[in-house]
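Trainee: Residue-level listing of the chains:
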Amino acid sequence: MLFGIVYLTCFYMDWAPFRYYPDHRTFHIKVTPQDGPAILWYGWVTAAAFVSAAIALLVPRQLAERLGPGWAWAVPLVIVVLLLVYERRWFM
Amino acid sequence: MIVALLILHGLLAVALLGAITHQALSLVPRRAAAGPLSFVGRFRNVDSEAYATAVVVLFVVTAIGGGLLYPQYRLDVRTALEDMQMRAANGVFELKEHLAAIGLGLLPTYWLFWKAPLVPGQAAARRYLTWLLAFIVWWNFLVGHVLNNIKGLLP
Numbered sequence: 001m002l003f004g005i006v007y008l009t010c011f012y013m014d015w016a017p018f019r020y021y022p023d024h025r026t027f028h029i030k031v032t033p034q035d036g037p038a039i040l041w042y043g044w045v046t047a048a049a050f051v052s053a054a055i056a057l058l059v060p061r062q063l064a065e066r067l068g069p070g071w072a073w074a075v076p077l078v079i080v081v082l083l084l085v086y087e088r089r090w091f092m
Numbered sequence: 001m002i003v004a005l006l007i008l009h010g011l012l013a014v015a016l017l018g019a020i021t022h023q024a025l026s027l028v029p030r031r032a033a034a035g036p037l038s039f040v041g042r043f044r045n046v047d048s049e050a051y052a053t054a055v056v057v058l059f060v061v062t063a064i065g066g067g068l069l070y071p072q073y074r075l076d077v078r079t080a081l082e083d084m085q086m087r088a089a090n091g092v093f094e095l096k097e098h099l100a101a102i103g104l105g106l107l108p109t110y111w112l113f114w115k116a117p118l119v120p121g122q123a124a125a126r127r128y129l130t131w132l133l134a135f136i137v138w139w140n141f142l143v144g145h146v147l148n149n150i151k152g153l154l155p
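These protein sequences, in sequence, are chains A and B. This note's numbering numbers the first residue of the first sequence as 1 and each following residue consecutively. This note's numbering numbers the first residue of the second sequence as 1 and each following residue consecutively.
These are calculated hints, taken from the structure and not from any lab test. Hints may contain errors.
Said to hold, decoys possible - Now the stretches of chain B that chain A is said to cover, found in silico as 3 or more residues with beta-carbon under 8 Å:
#1 11-25
#2 87-97
#3 113-126
These numbers come from a predicted model, not from an experiment. Just so you know, even glycine gets a beta-carbon here, dropped at the ideal spot from N, CA and C.
Given only the sequences and the hints, what does the whole structure look like? Please build it.
Mentor: Below, the structure written as structure tokens:
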């Protein structure tokens, strides 16, 4: 649930902890336009994985279980819908 | 090497597609069949629980393959799509990336809900999580194939 929220936030804000430049096969923390096109996807997935794992470990199990099972699929569904809506710009 | 990886990625995706589709269709509510089962009936009449671990493993491995192929896609395919001004093709692949990531994030929850013993109160959550993953897998599979063949598909 949290993974999708963090991923969507990172993607929307165009923020990644690192970028990969396939032309030079290098990772950089800062933007280096001279290295060609950058791939942010690895950074977004890494950020989402670390943040959601950290929160999942920190939140007590009893508190997490208060959320009904419906949240587990409803939140990702909303995120998918938001992504479809945002990315419709490619088809207009 | 990259072609071999692409073929492997495609084959793993086929296996994943089969597994998630069997599981997703088995969760569609149905009446008890009278008489022998049809082809669709036999396709749906599977042990849903048995597919969960396979789906998780195949999704992860297929996603890793996709991640390894991505740099070559970014340099060769995406630049060609931009040169040909094929915005829609670019757009569907953007969605493929995002959906693959969302799908990866869903896997722990999906696996937990399918872990035995199954809790009856979580049946709806299992169903919708599975259908959501099925949508993601089908989208990514179809987009991957169309983009792989796009130069041959267009005049």
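Trainee: Next step is simple, just say for each hint if it's right about the structure.
Mentor: A quick look at each hint next to the structure:
Restraint check on the region 11-25 of chain B versus chain A: 0 residues with Cβ-Cβ distances below 8 Å, three needed, restraint violated. Here the region 87-97 of chain B counts 8 residues with a CB under 8 Å from a CB of chain A, which clears the bar of 3, and the coverage holds. Interface restraint, the region 113-126 of chain B with chain A: holds (5 residues with C-beta to C-beta distance below 8 Å; minimum three).
Violation of the numbered hints given earlier is confined to hint 1; every other hint is satisfied by the structure.
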